[in-house]
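There are 2 protein chains.
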Amino acid sequence: MADKERRPPPPTHVGRSNIPSISSNAEEEALPEFEPFGIPRGPPNLKDFLDIWDVNILKNRDEINKKEHHTDLYDNVKLIVRRGQPFQIKLTFNRPYNPEKDQFCVEFLIGGSPQVSKGTYIPVFPNQEQVKGEWGCRILQSEDNVVTLSITPAADSIVGKFRMYVAVMTPYGIRRTARNPERDVYILFNPWCEDDSVSLDNEAERNEYVLNDVGTIYYGEASNVETRPWIFGQFEYGVLDACLYVMDNAQMPLTGRKDPVKISRIASAMVNSKDDDGIVVGSWSGEYLYGVAPTAWTGSVDILLNYANSGVPVCYGQCWVFAAVFNTFLRCLGIPGRVVTNFFSAHDNDGNLKIDVILDENGKFMPSLTKDSIWNYHCWNECYMSRPDIPVGFGGWQVVDATPQETSDGMYRCGPASVKAIKHGQICFKYDAPFIFAEINSDVVYWKRMRDGTQQPIKVNKQHVGQMVLTKEVGRDEIKNITDLYKFPEGTEEERLAVDAAVMYNLKRTQITEQPTVVDMDVRVQESVLIGNDFNLTLEFKNRTGQQQTLVIYVNGNIVFYTGVTKTEFMSKSLEFTLGPWETKTENVFVESKKYVNKLVEQATLHFIITGRVNDDTQILTAQHVVPLQIPRLTIKMEGVPKLNEEMSVTVEFTNPLKKNLEDVSIRLEGPGLMKTKVKMYSIIPPNSSLTWTEYFRPSKLGVRKLVACLDCAALHQVHGVTEIYVNP
Amino acid sequence: MADKERRPPPPTHVGRSNIPSISSNAEEEALPEFEPFGIPRGPPNLKDFLDIWDVNILKNRDEINKKEHHTDLYDNVKLIVRRGQPFQIKLTFNRPYNPEKDQFCVEFLIGGSPQVSKGTYIPVFPNQEQVKGEWGCRILQSEDNVVTLSITPAADSIVGKFRMYVAVMTPYGIRRTARNPERDVYILFNPWCEDDSVSLDNEAERNEYVLNDVGTIYYGEASNVETRPWIFGQFEYGVLDACLYVMDNAQMPLTGRKDPVKISRIASAMVNSKDDDGIVVGSWSGEYLYGVAPTAWTGSVDILLNYANSGVPVCYGQCWVFAAVFNTFLRCLGIPGRVVTNFFSAHDNDGNLKIDVILDENGKFMPSLTKDSIWNYHCWNECYMSRPDIPVGFGGWQVVDATPQETSDGMYRCGPASVKAIKHGQICFKYDAPFIFAEINSDVVYWKRMRDGTQQPIKVNKQHVGQMVLTKEVGRDEIKNITDLYKFPEGTEEERLAVDAAVMYNLKRTQITEQPTVVDMDVRVQESVLIGNDFNLTLEFKNRTGQQQTLVIYVNGNIVFYTGVTKTEFMSKSLEFTLGPWETKTENVFVESKKYVNKLVEQATLHFIITGRVNDDTQILTAQHVVPLQIPRLTIKMEGVPKLNEEMSVTVEFTNPLKKNLEDVSIRLEGPGLMKTKVKMYSIIPPNSSLTWTEYFRPSKLGVRKLVACLDCAALHQVHGVTEIYVNP
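In order, the protein sequences belong to chains A and B. Residue numbering for the first sequence follows this note's numbering, beginning at 11 and increasing consecutively. Residue numbering for the second sequence follows this note's numbering, beginning at 11 and increasing consecutively.
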């Protein structure tokens, strides 16, 4: 009995709803080819009525529909159009159409149990006037037996894959075309249409944020930004179907699929696998035996196709993988999207405006007690849409974030939240704005922990978190700094007001009385440091008083994950010295490569925490400094003149920069319109040895194409290369 | 390999956070009894320092703490106090305490890795001044070896079960009491405290909404409201621990457990089992073989204890079960809560302001095409709290709803949403206000579906949905009508403005041009109908013109679930007649009991849809009428004079009103403070037979107590009885 109770039967919709919830685009029932009216009165005599001989939906890449709808790039033989914009179809009947006598319509259906009142069944009649919020249709031409129709889907139509029929009305019943999947029509969002809620009024921006299938993701450290190329691949074969599958798998009701706010919110939950068996499994552990290391991917296509084919979450991702896959999803459905990177992002901090760092009585950092972390960088997405669900003025770019966060809300979804609302501290408007506000505006609070367990805040750094927010420039491979979209300049009255507003909406902040500044401390590294090299960490101290000062300084060197989490401490050093009145002194701390090189994690960064005391306790000095180690690039060389469908080759080259063997090395090469993803494995690359890999392929698309390569092994990650190839006809 | 990929290792926090997310109240590490400072310099000499002989936390029901904190009703031997209010403890040392020399503190800890900056580790020192947002402590008395402390938890303290230690500081280290679970302290929300965010400034309301452990739930039909007694049982043995377990099982981080907004939101997800293996499995199918039928429960206690003991969702619940269990959770933690019932609740309608009803060309109802449903009633919860996360003015009662809804957001959680914001149509403020607004303000839109599949709206009824919202009166067993908290009066300017605001925030509405009213139709049933009886449905028609009118009327009688979903049609009848100029005519439709009695579902209601046409198409008539069938009550008779701990008995009596056997009948009897839940089974009760069940028990609590009984079998549900027993000392 107890066992019986543990296995209740699967839930049923009986008693709960007349029709089960319709949340699958894939589900369908075919309509009958003849649908009789009432009780048949003898065999119907249909010879006087229109018979449908042919339906041509002009779906080829070089025909009018895909060209005008900016969908000719999709590697998909079916018709793809955008809502709110007319497309043409040609119907051939057995005789000329007579408007006085003949009555026919074109029917569009999506999902199971389609209904007019839900927008899942739309019959369109010729010369049906275009009304806002409705579909329209007019006859462009009627010549001989052929009628050319111009059909305009409603600008707020459901987005997805529709089935299409042509139906002729007769007094005996409806005569209809047979179900033919070749006539399926994808309807997408339309940034080119003023009435669409994703309308974007700039051609260059539409080209970048909807049509560009290759991009750049920024990472590293604020003073040393690294770039990583990424193949979004939203037009590749199977990707559009995979995106629809994602919504089906989320059991998202079809009626919600007209609203980019709801779609982007569902996707922020579905891109990560937490809760809902979404697309990508997050892992930050450095152990990726069961899948692909987050650093090894070159693009989103393999991830989405793998997920759609298996239905099983794909291993593994970290923030830029979640953001990149999300970006593919958005652009594929026609929602303008971009990946942005926030440098020094406050994470998992419960939407409070503080990140707590715990020091011991001597001012030394205590990693075992410091729960909060500041990520060296964090990637999320922005998508462009109107926000009719919140007050006027908050439309435009919206933050969505698919990286699973550990927040007090217990939710693994985030956004959309208006960027403008975040800038003004108006975090009372949905969704999840407090968390995003905190990611870019938190203070770092240093606590001193006494031996008896008590703690008090001793210093607040208001500048460290959210140092800058970057994305790729429109139309070119450059950095676009969009920090000013998120924050008013530091120290301005507007900034103070925005933070005050956020605090009013219940974000918690720690206020302390600052100690007087007696000594200034500055930390730097002379030049960029190549991985495997020794270097000096330079500390500069300046006495701002006329008195002599005694300093005790602790330098902790840690290997950190990019999440700010410490893996190991590789050095710990203390200095003790005096500064004369107004004296400036420079101390160099020598960092040997052999101390760190065997302990590195995938993102080769060293994290220094420098703390200290002036004259025992007059002033506590604190600084954090991240040193990203430089990693060599892959070089990609092209041979031959690239021509459509003609064989050419590229060569990838790489030299091991470390003083040890690289083992189990994988290289991934990907170029949409050029080749499918290729992966090659090398069991060993000795020190200073080079590998050379030549790959032959035939370009399948014209114009500027990009080829991205990525090398990954346990000792060395984040080795990329990219090249541009212009394919001639 | 493929198989390997399908089973990735469990996620780890390595690389993601220094300390795993702390989301379990149950987790703990003991603190050492002696915590040495630094490197030991020989054996510590502790004889000069305070030694702790005894810690008395005055936790008995008749001692000061539980009395003053209104927690003496909890059947729990541990100390239970409310935040923001002082409680006392007595410490006995080996000698008198000397404030000049001795240093000690009382430590409160919750969960793993407790930290001061997270509010999970709180050391309290004697004479620690009370600061807002902090804990306070003062010495009330210091006499001989005994120190009496008054400790005040912060008014925004985390709510849950804390471990307590007393620690004495010495130069050698910390000397501490051993871990003793008997000194655990539960800290709850405090509606009696002005600074608490659940502060409620009315003693009668606090007595009802926090301290009353028995209540009434309303159901049935707006013109025929039924009542159902319910044992909330928030003070029963094990219930408080079960509520903490619910939050642990939701993996709710401890840091969020100070905020009633977050706790009530998490609970709205956890009370239903969808997504997260929450407490109750919803089922509306009428088949409850694998568990207890939703109608058979008498209270929340069994459900919560069963869930906490097994960790497995409990079968089965419907809206009032979800709402009742939620209410127990809220009151148990100290959040003022109540169950409310909305009559004619628009459901699963994607937050649109319309419920679509599809009629055929003749005006006859088409159930197979009508997806939307209007529930005869729907129960949800209100909880009382301030809302610092949204603009000022929206604190007070908040709607939360744990019944899983099928919305386009794909979420099985709802609220908290401000009742005041809903009334004013300010649905842009979190959480989920659009759905709740639609539940009480939707229009019923009648669509006429043509043979060719096209549809047009022909009539809108703005009055049907959200006819009234009821809850139990404060302090007595009467109905409190709170419709005016949710809606302005129908037809007022304020009502129009509120709906306009909601439409502005993107709720969709259907506007149609109304047809002229030619004929009025009114539907009624003469008296209340006892289950198993025949009756007349009376239709009254009034011609409002000077012309003769021809009417065709369809009457559909359906057995419906309370969700408005049709199980079967049990009668279908059409009438055709004429109305002379200005004539009023009454038509009676006879409804035979044998037609419906064997088809009834658990809530014995009949649903009539009356539609028709005047003069072919001048006007479409539509009406829906719900006839709830009256069900006999259980009678409960008391024998003996009820005295504390003295045996007494009650007798439950019931007579089968149907003309057939009742089979597999279960009766449940429950009375907190009187007896544990008892269940008795009867295999058969023949027609007109009576059962008599006498049960002996000893009351364990004083004062007014309630005993609730509930009978359930396949042919007859919702048979309740309740009696009040005054227990003398």
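Among these hints, one or two may not hold up.
Same chains, same label: a pair holds when it works inside one copy or across any pair of copies.
What the hints assert, rightly or not - Quick list of in silico lysine-lysine cross-link-like pairs, BS3-like style, CA-CA up to 27 Å: (1) K518 / K430; (2) K111 / K686; (3) K142 / K57; (4) K284 / K670; (5) K111 / K690; (6) K284 / K653; (7) K497 / K100; (8) K670 / K690; (9) K711 / K88; (10) K472 / K669; (11) K518 / K171; (12) K518 / K458; (13) K688 / K609.
Hints are computed from structural coordinates only; laboratory data are not their basis.
Structure-based check of each hint:
1. K518 / K430: both (21 Å within a copy, 26 Å between copies)
2. K111 / K686: neither (54 Å within a copy, 78 Å between copies)
3. K142 / K57: neither (38 Å within a copy, 88 Å between copies)
4. K284 / K670: Neither, since 38 Å and 53 Å both go past 27 Å.
5. K111 / K690: This pair counts as neither: shortest intra-copy Cα distance 66 Å, inter-copy 73 Å.
6. K284 / K653: So K284 and K653 fail the 27 Å test inside a copy (44 Å) and across (55 Å) alike.
7. K497 / K100: For K497 and K100, neither the intra-copy (53 Å) nor the inter-copy (52 Å) Cα distance is at most 27 Å.
8. K670 / K690: within (21 Å within a copy, 77 Å between copies)
9. K711 / K88: Within one copy only: 18 Å inside, 74 Å across.
10. K472 / K669: neither (41 Å within a copy, 79 Å between copies)
11. K518 / K171: Between copies only: 24 Å across chains, 46 Å inside a chain, cut-off 27 Å.
12. K518 / K458: Close inside one copy (19 Å), not across copies (55 Å); limit 27 Å.
13. K688 / K609: Answer is neither: 30 Å inside a copy and 64 Å across each miss the 27 Å cutoff.
When held up to the earlier numbered hints, the structure conflicts with 2, 3, 4, 5, 6, 7, 10, 13 and fits the remainder.
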